[in-house]
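Heads up: the protein sequence lines correspond to chains A and B, in order. Heads up: the first sequence runs through residues 1 to 879, numbered per this note's numbering. Heads up: the second sequence runs through residues 1 to 113, numbered per this note's numbering.
FYI, nobody ran anything at the bench for these hints, they're computed from the structure. Keep in mind the model is a prediction, meaning the values are calculated, not measured. Keep in mind that the hints are not guaranteed to be accurate.
[Claimed, not checked] As a list, the in silico DSS-like pairs of lysine-lysine whose alpha-carbon atoms are at most 27 Å apart:
{"hint": "1", "chain 1": "A", "residue 1": "Lys545", "chain 2": "A", "residue 2": "Lys92"}
{"hint": "2", "chain 1": "B", "residue 1": "Lys17", "chain 2": "A", "residue 2": "Lys56"}
{"hint": "3", "chain 1": "A", "residue 1": "Lys56", "chain 2": "B", "residue 2": "Lys79"}
{"hint": "4", "chain 1": "B", "residue 1": "Lys17", "chain 2": "A", "residue 2": "Lys611"}
[To be verified] Negatives, chain B to chain A, calculated, CB over 10 Å:
{"hint": "5", "residue": "Thr10"}
{"hint": "6", "residue": "Ser21"}
{"hint": "7", "residue": "Glu89"}
{"hint": "8", "residue": "Ala99"}
Quick reminder that beta carbons are idealized off the backbone N, C-alpha and C, glycines included.
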Amino acid sequence: MRKLRAWLLRFWGLSTRNSHDKEFAEEVETHLHMQIEDNLRSGLDPAQARREALLKSGGMEITMQTYRDHTTLPFFETLYQDLRYTLRQLRKNPGFAMTAILVLSLGIGATVAIFSFADAALVKPLPYRQPSRLVVIFGATPLGQRFHLSFPDYYDFKELNQVFTSFDVYDPNGFMLDTPEGAQLAPGARVSAGFFRTLGVTPVFGRDFSPDEDTSSAPRTVMLSYAAWQNRYGLRPDILGQTVTLDGHPNTIIGVLPRDFHFAPAAPADFWTAEHDQSDCRGCHWLFGIARLKDGVSIDTAWANIAAIARQLEQQYPDSNRGQSEAVIALPDVIVGDIRPILLLLLGGAALLLLIACVNVSSLLLVRTQSRKREIAVRGALGATRKRLLRQFVTESFVLSASAAVLGLVLADGAMHLLTSLIPADTLAGMPYLQGLGLNSHVLLFTLAVSLLSALIFSLTPIFSMSREEMRSGLSEGSRGSSSVVWRRLGANLVVIELATAVVLLVGAGLLGKSFYRLLQVDPGLQPSNLATLPLSAPHASYSKDPQIIALQRQILDRISALPGVSSDALTNKLPVGDGDFTTSFVITGQPKPAQPNEVAYRIVSTDYFKTLQSRLQAGRYFTASDDSTHPHVALINHALASHYFSSLHPVGMTINYDGAPADSAMQVVGVIDDIREGPLDTDARAAFYVPFEQHPLPFFSLVARTSVDPQSLLPVLSSAVRQIDPGIAAFGAATMEQRIHDSPPAYLHRASAWLVGSFAALALLLSVVGLYGVIAYSVSQRTREIGVRMALGAQRGTVYQLIMKQAAWLITVGILAGLAGSIATASLLRTLLFATQSWDAFTLATVSLVLGTSALAASYLPARRAASVNPLDALRAE
Amino acid sequence: MGENDVWQGTLALMVMKTLESMGTLHGYGIARRIEQISGDRLIVQYGTLYAALLRLQQEGYITSEWGVSDNNRRARFYKLTRAGRKQVEKESQRWENAAAILARFVSPSGETI
Numbered sequence: 001m002r003k004l005r006a007w008l009l010r011f012w013g014l015s016t017r018n019s020h021d022k023e024f025a026e027e028v029e030t031h032l033h034m035q036i037e038d039n040l041r042s043g044l045d046p047a048q049a050r051r052e053a054l055l056k057s058g059g060m061e062i063t064m065q066t067y068r069d070h071t072t073l074p075f076f077e078t079l080y081q082d083l084r085y086t087l088r089q090l091r092k093n094p095g096f097a098m099t100a101i102l103v104l105s106l107g108i109g110a111t112v113a114i115f116s117f118a119d120a121a122l123v124k125p126l127p128y129r130q131p132s133r134l135v136v137i138f139g140a141t142p143l144g145q146r147f148h149l150s151f152p153d154y155y156d157f158k159e160l161n162q163v164f165t166s167f168d169v170y171d172p173n174g175f176m177l178d179t180p181e182g183a184q185l186a187p188g189a190r191v192s193a194g195f196f197r198t199l200g201v202t203p204v205f206g207r208d209f210s211p212d213e214d215t216s217s218a219p220r221t222v223m224l225s226y227a228a229w230q231n232r233y234g235l236r237p238d239i240l241g242q243t244v245t246l247d248g249h250p251n252t253i254i255g256v257l258p259r260d261f262h263f264a265p266a267a268p269a270d271f272w273t274a275e276h277d278q279s280d281c282r283g284c285h286w287l288f289g290i291a292r293l294k295d296g297v298s299i300d301t302a303w304a305n306i307a308a309i310a311r312q313l314e315q316q317y318p319d320s321n322r323g324q325s326e327a328v329i330a331l332p333d334v335i336v337g338d339i340r341p342i343l344l345l346l347l348g349g350a351a352l353l354l355l356i357a358c359v360n361v362s363s364l365l366l367v368r369t370q371s372r373k374r375e376i377a378v379r380g381a382l383g384a385t386r387k388r389l390l391r392q393f394v395t396e397s398f399v400l401s402a403s404a405a406v407l408g409l410v411l412a413d414g415a416m417h418l419l420t421s422l423i424p425a426d427t428l429a430g431m432p433y434l435q436g437l438g439l440n441s442h443v444l445l446f447t448l449a450v451s452l453l454s455a456l457i458f459s460l461t462p463i464f465s466m467s468r469e470e471m472r473s474g475l476s477e478g479s480r481g482s483s484s485v486v487w488r489r490l491g492a493n494l495v496v497i498e499l500a501t502a503v504v505l506l507v508g509a510g511l512l513g514k515s516f517y518r519l520l521q522v523d524p525g526l527q528p529s530n531l532a533t534l535p536l537s538a539p540h541a542s543y544s545k546d547p548q549i550i551a552l553q554r555q556i557l558d559r560i561s562a563l564p565g566v567s568s569d570a571l572t573n574k575l576p577v578g579d580g581d582f583t584t585s586f587v588i589t590g591q592p593k594p595a596q597p598n599e600v601a602y603r604i605v606s607t608d609y610f611k612t613l614q615s616r617l618q619a620g621r622y623f624t625a626s627d628d629s630t631h632p633h634v635a636l637i638n639h640a641l642a643s644h645y646f647s648s649l650h651p652v653g654m655t656i657n658y659d660g661a662p663a664d665s666a667m668q669v670v671g672v673i674d675d676i677r678e679g680p681l682d683t684d685a686r687a688a689f690y691v692p693f694e695q696h697p698l699p700f701f702s703l704v705a706r707t708s709v710d711p712q713s714l715l716p717v718l719s720s721a722v723r724q725i726d727p728g729i730a731a732f733g734a735a736t737m738e739q740r741i742h743d744s745p746p747a748y749l750h751r752a753s754a755w756l757v758g759s760f761a762a763l764a765l766l767l768s769v770v771g772l773y774g775v776i777a778y779s780v781s782q783r784t785r786e787i788g789v790r791m792a793l794g795a796q797r798g799t800v801y802q803l804i805m806k807q808a809a810w811l812i813t814v815g816i817l818a819g820l821a822g823s824i825a826t827a828s829l830l831r832t833l834l835f836a837t838q839s840w841d842a843f844t845l846a847t848v849s850l851v852l853g854t855s856a857l858a859a860s861y862l863p864a865r866r867a868a869s870v871n872p873l874d875a876l877r878a879e
Numbered sequence: 001m002g003e004n005d006v007w008q009g010t011l012a013l014m015v016m017k018t019l020e021s022m023g024t025l026h027g028y029g030i031a032r033r034i035e036q037i038s039g040d041r042l043i044v045q046y047g048t049l050y051a052a053l054l055r056l057q058q059e060g061y062i063t064s065e066w067g068v069s070d071n072n073r074r075a076r077f078y079k080l081t082r083a084g085r086k087q088v089e090k091e092s093q094r095w096e097n098a099a100a101i102l103a104r105f106v107s108p109s110g111e112t113i
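Based on the sequences and whatever the hints tell you, model everything.
See the structure below:
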């Protein structure tokens, strides 16, 4: 306690030092005079009395110093001086300070931003008990390993396995939720009763499913996610016992899951019900298994055990289980397995950038140390110890790093927002582990560690560059240690590598950007502006018969076309620019049946579909209102289908039929249209045929409406208009066609990678330019004398410029050439990501070389100008 | 350590002991008193004395205030606080113990060594 009190008083003494000093001087003065008076009294003459007294005091200056050291804390006192001195130095040279802090903060910002993603996805433990002991069991077929299990198979695995303490299943499909505003699609999942016990999750509120709550006769109950409790029920405490109608069944709310709970394979999920459908259909696969390994059992052992059971089932039920096997994969791998290598790669790249940034700032510091040699020598000559001088360097490094860390955190925060905004909302909802993303304690600690490390590197730079001798003899500016030569070579090589890296990244960004541009230039076969789309789903109970669906269709189309701002509207079973799914195989009547089925996209569209999309007719006619159930079946085919399957024939007037269907379902081809991109934009147009809605009614479809106003403003109007017809119809995922194209996976992939590589490239460009500046400036500072001599001997300023710029140009040329070679070598990595762009695109390569060359030359011009403005007299006098 | 130097730890005790017996005293008075008691075998240098006084003040064992000395000079007068009195007792006790133990080693009186 007493020690702390003393320490605090001394800390306080830092600010009140001056008044203390004055008082103490007076006190000591009194002391001395009393001594002198006593000495006089004891008979000494005045001079001697004074001398004796002074001798006895032990020296006034030392007394003052001892006292001062005890009033305050010398460590902080020095720190305060050093800080003030550092700030003065930085203010004196704002160009250096700003460049160093900016470069370093960009490096720190990039690393911290990527680290925060890696932390949220890879470091932070999943919110389950012992998550590493959890595995997911998928059905596997020769096509892949991530398919479903059937209920009877699940039941047998659960009973027969010897490797799991518990085995449960989940089915990550949402529900149709009844709300006062009509039916809505609500995200959720059905799970077996032990699911949450297997995960080791207990509800924060209410109870878990009881063990037999998933039988078909059990009363229907539901658990809410914390987010659902918050957003749908405003955290109301009286929630337990209330009823929610899901898929037409009333469910009683029994519990709420913890706030930090998430389960990415089913995310986002608001409602969790017990799986009541204990189907005995062995060929019906719709479940995923989740199990907890027994202690000491490895995943491979578990997999072998499950495979043995699968072989047994295959023999027992050859009809349904032939070729059916299973895959056992660790839950963490299922959740973050895809994103892990990308994040690690990005983290590695960011760390490299940070390292380069540190080296560049070190090189700038070195240049400055050179120009401060004289100042340092003067301080040394005035009595500063080596330790004291080094302490000054260390303080400066910490100030630089701390400022950069603060700015870096701001940048990292911005970068995190940018990166999350690059992920479409749907994809982001499937990555619930990113919820904790932000400047949390982990990230702050990481930032602290990174900035301490950089401060350490910066402190060591001047210490190593300045030997003991140099500190003393710096006044003469004659010495040039061997360390400087080493640095010049190292620095030059490093700059070449930096330039080459910048070229590779810039070329990559350029190619990806060009691909993205090309992708958006793809003709989708329709006019995407002023087009609104709205997927709908009619409840099966009220619309099970064709006439009901046809009547509904007419009602919807009439209601929508009557809305102000809508010029035409239509329905389709699947919107264009999607995944291209919904296919069928067909045969051409009168032609031999092909060996391989003709699998093509199959679209059921209402009469005005092509008029609404503004597609182009190549031959024949569009559908008309008379193509209904009372008239002969007709079909339209697209250009890809016509050219691929009717190569030598004229298709209009011929008939096609579904593969294996009776003859009365045959359709006459009445027209050929230009390809509409049914599948992704980055693949070739799919062959497709279109049939009239009224001849093939379906209860789920999407509405498209051509608008004369901004389609975005019409989206809510469309939803409410449909709901007025029947509140039981679910409307979800309303979007304009331009949004659909913009958010489609290939567009998002290209956009995200172009941004990401582009940001890295911009950083690399900046770093390499600063690095080049550092190396050239250092070399100029080392050659000042030589330049002075040359000028004294008659060299013109132009020659000096030439001397320096030639050195820079050499480095730049080597760097760019190495970079170009590197980008051609790494082009194969990019090829799969590129669209309609060659990996050796000459325009991109030339632009990058030009941009990089110009900025690098500009950076070397600054030190060259300094060299040329050397006054030969000054340079020589320094000798 | 020279013979005339005062040990850091013991100076604090000497100062406090002096203040205990003399009441209020200025720096010079304390120094004189210590020198006298030691039979002029100790010389108290300013730096050592005032550092000790400062530390005792910071630890709250003594306080000080400005006053006027006998010969009309402005001087700072020190005096023990209550905590200081307790500390003198404690430290004296400790010192006596330590001295007694050490005395047995330095001048053995018989059979123990």
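Structure-based check of each hint:
1. Lys545/A with Lys92/A: With Cα atoms ~84 Å apart, Lys545/A and Lys92/A exceed 27 Å; violated.
2. Lys17/B with Lys56/A: holds, 23 Å
3. Lys56/A with Lys79/B: holds, 24 Å
4. Lys17/B with Lys611/A: violated, 109 Å
5. Thr10: Consistent with the label, Thr10/B stays out of reach of chain A, its closest Cβ about 18 Å off (over 10 Å).
6. Ser21: Ser21/B clear of chain A: closest Cβ-Cβ about 20 Å, beyond 10 Å.
7. Glu89: holds, 16 Å
8. Ala99: holds, 24 Å
Violated hints, in rising order: 1, 4; the structure is consistent with all others.
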